[in-house]
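Colleague: Please arrange chain B on chain A, whose structure you already have, making use of the hints.
Chain order of the listed sequences is A and B.
Quick note on the working numbering: the first sequence kicks off at 37 and runs consecutively.
Quick note on the working numbering: the second sequence kicks off at 61 and runs consecutively.
Among the clues, some could well be false.
In silico contact screen, one side only, chain A against chain B (beta carbon under 7 angstroms); selected entries [unchecked claim]: (1) 43; (2) 45; (3) 47; (4) 75; (5) 76; (6) 138; (7) 141; (8) 142; (9) 143.
Hint data in this document are derived by calculation from the structure and do not stem from the laboratory.
Fair warning: this is a prediction, and the values are worked out from it, not measured in the lab.
The C-beta atom is built at its ideal place from N, Cα and C for all residues, glycine as well.
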Amino acid sequence: GNSVTQMEGPVTLSEEAFLTINCTYTATGYPSLFWYVQYPGEGLQLLLKATKADDKGSNKGFEATYRKETTSFHLEKGSVQVSDSAVYFCALSGPFSGGYNKLIFGAGTRLAVHP
Amino acid sequence: EAGVAQSPRYKIIEKRQSVAFWCNPISGHATLYWYQQILGQGPKLLIQFQNNGVVDDSQLPKDRFSAERLKGVDSTLKIQPAKLEDSAVYLCASSSRTDYLYEQYFGPGTRLTVT
Numbered sequence: 037g038n039s040v041t042q043m044e045g046p047v048t049l050s051e052e053a054f055l056t057i058n059c060t061y062t063a064t065g066y067p068s069l070f071w072y073v074q075y076p077g078e079g080l081q082l083l084l085k086a087t088k089a090d091d092k093g094s095n096k097g098f099e100a101t102y103r104k105e106t107t108s109f110h111l112e113k114g115s116v117q118v119s120d121s122a123v124y125f126c127a128l129s130g131p132f133s134g135g136y137n138k139l140i141f142g143a144g145t146r147l148a149v150h151p
Numbered sequence: 061e062a063g064v065a066q067s068p069r070y071k072i073i074e075k076r077q078s079v080a081f082w083c084n085p086i087s088g089h090a091t092l093y094w095y096q097q098i099l100g101q102g103p104k105l106l107i108q109f110q111n112n113g114v115v116d117d118s119q120l121p122k123d124r125f126s127a128e129r130l131k132g133v134d135s136t137l138k139i140q141p142a143k144l145e146d147s148a149v150y151l152c153a154s155s156s157r158t159d160y161l162y163e164q165y166f167g168p169g170t171r172l173t174v175t
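Just chain A, with the same shape it has in the complex:
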């Protein structure tokens, strides 16, 4: 079946450290891949996406590259800030779900950034 696996948290970093959150997926066909972020007390927000192999999604200093050969979509940021503290969800969607926009999420990774 279709599924997403992401690294367990929490990830604890000091401000300005480099961030990597690993995400791998299993899917039929050619899914689109997403990273969503959930700040404390808020709803999920789309952070970035990639719709085909080798695409790089980027937003707010975060990047992720769609790697079909390794079925991965790792999230990276060169220098994290305290305000990046949140829960990050990797997700996939695609025409395998009958053409409908059905998101399948990973379990989430909590990031805590300390000054």
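Modeller: For chain B alone, coordinates are given in the frame of chain A:
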């Protein structure tokens, strides 16, 4: 543009009681989704509407959960009777189209505690 609205934000009930959640999607969005997010897990799709018709309810526990979207706008999700394992955050999302490339916008969620 106003976001997805949900109410109530928090609800505590005893097992075997009933509860209802309300969602108002972004104006003009034809597709509406209800997700269940259990603590420590990623959101799981319960039901998806296209206008006022159901397009996917394969993971909705139909013996106790029901949902409707009258007039293709607001939606209500009901649980009757509630069980302890229903404790979760219930997220509503909307998108302008059902195609998997269209972004889903999430509301802040309703946190349900069943005691």
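Colleague: Against this structure, judge whether each hint is valid.
Modeller: Hints, one by one, checked against the model:
Interface hint at residue 43 of chain A: violated, since its Cβ lies 13 angstroms from the closest Cβ of chain B, which is beyond the 7 angstroms cut-off. A least Cβ separation of about 10 angstroms between residue 45 of chain A and chain B goes past the 7 angstroms threshold, and the interface hint is therefore violated. The restraint placing residue 47 of chain A at the interface with chain B is violated, with a minimum CB-CB distance near 15 angstroms, outside the 7 angstroms limit. The beta carbon of residue 75 of chain A is not positioned within 7 angstroms of any beta carbon in chain B (closest approach about 11 angstroms), and the interface hint is therefore violated.
The interface hint given for residue 76 of chain A is violated, since its Cβ lies 11 angstroms from the closest Cβ of chain B, which is over the 7 angstroms cut-off. A cut of 7 angstroms between beta carbons decides the hint on residue 138 of chain A: the least distance to chain B is about 6 angstroms, and the hint holds. Here the hint on residue 141 of chain A is kept, as its CB sits about 3 angstroms from the closest CB of chain B, short of 7 angstroms. Interface hint status for residue 142 of chain A: upheld, as the beta-carbon distance to the closest one in chain B is roughly 5 angstroms, under 7 angstroms.
A distance limit of 7 angstroms between C-beta atoms decides the matter here; for residue 143 of chain A the minimum to chain B is near 5 angstroms, and the interface restraint holds.
Hints 1, 2, 3, 4 and 5 from the earlier list are contradicted by this structure; the remaining hints agree with it.
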